[in-house]
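Participant: For the record, the sequence lines run as chains A and B.
Under our numbering, the first residue of the first sequence is numbered 2, with each subsequent residue one higher.
Under our numbering, the first residue of the second sequence is numbered 212, with each subsequent residue one higher.
If you're looking for bench data, these hints aren't it; they were derived computationally from the structure.
A virtual CB, placed ideally from N, CA and C, is assigned to each residue, including glycine.
Any given hint might turn out to be false.
Reference excerpt, derived from the structure (chain B facing chain A, CB under 10 Å, subset only) [stated by the list, open to error]:
id	residue
1	252
2	254
3	272
4	312
Here are the chains, one letter per residue:
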Amino acid sequence: AQSVTQLDSQVPVFEEAPVELRCNYSSSVSVYLFWYVQYPNQGLQLLLKYLSGSTLVESINGFEAEFNKSQTSFHLRKPSVHISDTAEYFCAVSPGSSGGYQKVTFGIGTKLQVIP
Amino acid sequence: DVKVTQSSRYLVKRTGEKVFLECVQDMDHENMFWYRQDPGLGLRLIYFSYDVKMKEKGDIPEGYSVSREKKERFSLILESASTNQTSMYLCASSRTAITTQYFGPGTRLTVL
Chain A
2 AQSVTQLDSQ VPVFEEAPVE LRCNYSSSVS VYLFWYVQYP NQGLQLLLKY LSGSTLVESI
62 NGFEAEFNKS QTSFHLRKPS VHISDTAEYF CAVSPGSSGG YQKVTFGIGT KLQVIP
Chain B
212 DVKVTQSSRY LVKRTGEKVF LECVQDMDHE NMFWYRQDPG LGLRLIYFSY DVKMKEKGDI
272 PEGYSVSREK KERFSLILES ASTNQTSMYL CASSRTAITT QYFGPGTRLT VL
């Protein structure tokens, strides 16, 4: 069985400061990893994902995450946050197989509060 | 632009009522999902469907049923609503098992 742990339920950070949102997973097989973002009063949307290849993945709005197999982590980072980054962020994992439906397990979410 | 729509943003029902939540996607996706989102619990999968008329139970199917008569539409049914089903319900779709899930805006259901 797979699981996802998001270690922080809320992260307050000042505008233009760096931020790291932590995510650890457990799985007995290879995995695909995702970060989704949920802005207030909206559904979730994909921020970035790791399927294979380079362990560092980036989003179009300056976020990046690194797949660390030895530490079973996929932490999300941004060097300088903006007010518009205020949202809830969900880490998710699924088994790394293309055959049939592979269940995606979501973490409980981390609320990022950017302070002006 | 890809789109998943849900029939209502807010819904208030009474205990014992039958409730229908509708979800429509315009991306010709094979897979569709229903989740509920609760504070401190994240997203939990209720049911999913990988084809028309096909459905599979998720982690918390009790008290819910689903219907998928057409590829673009996936309905969640609460046969007899209870107060512990007060929650945010999110619908999603994806093309394949490992591709991005696209979410609707959610329906906030309150059962009194």
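Participant: None of the hints should be skipped; say for each whether it holds.
Facilitator: Do the hints match the structure? See the list:
1. Nearest Cβ of chain A to the Cβ of residue 252 of chain B: about 6 Å, under the 10 Å cut. The hint holds.
2. At about 4 Å, the closest approach between the beta carbon of residue 254 of chain B and any beta carbon in chain A falls short of 10 Å, and the interface hint on this residue holds.
3. Because the closest C-beta pair between residue 272 of chain B and chain A is about 13 Å apart, greater than 10 Å, the hint is violated.
4. At its closest, the beta carbon of residue 312 of chain B sits 7 Å from a beta carbon of chain A; the interface hint therefore holds under the 10 Å criterion.
Going through the hint list in order, the structure does not satisfy hint 3, though it satisfies all others.
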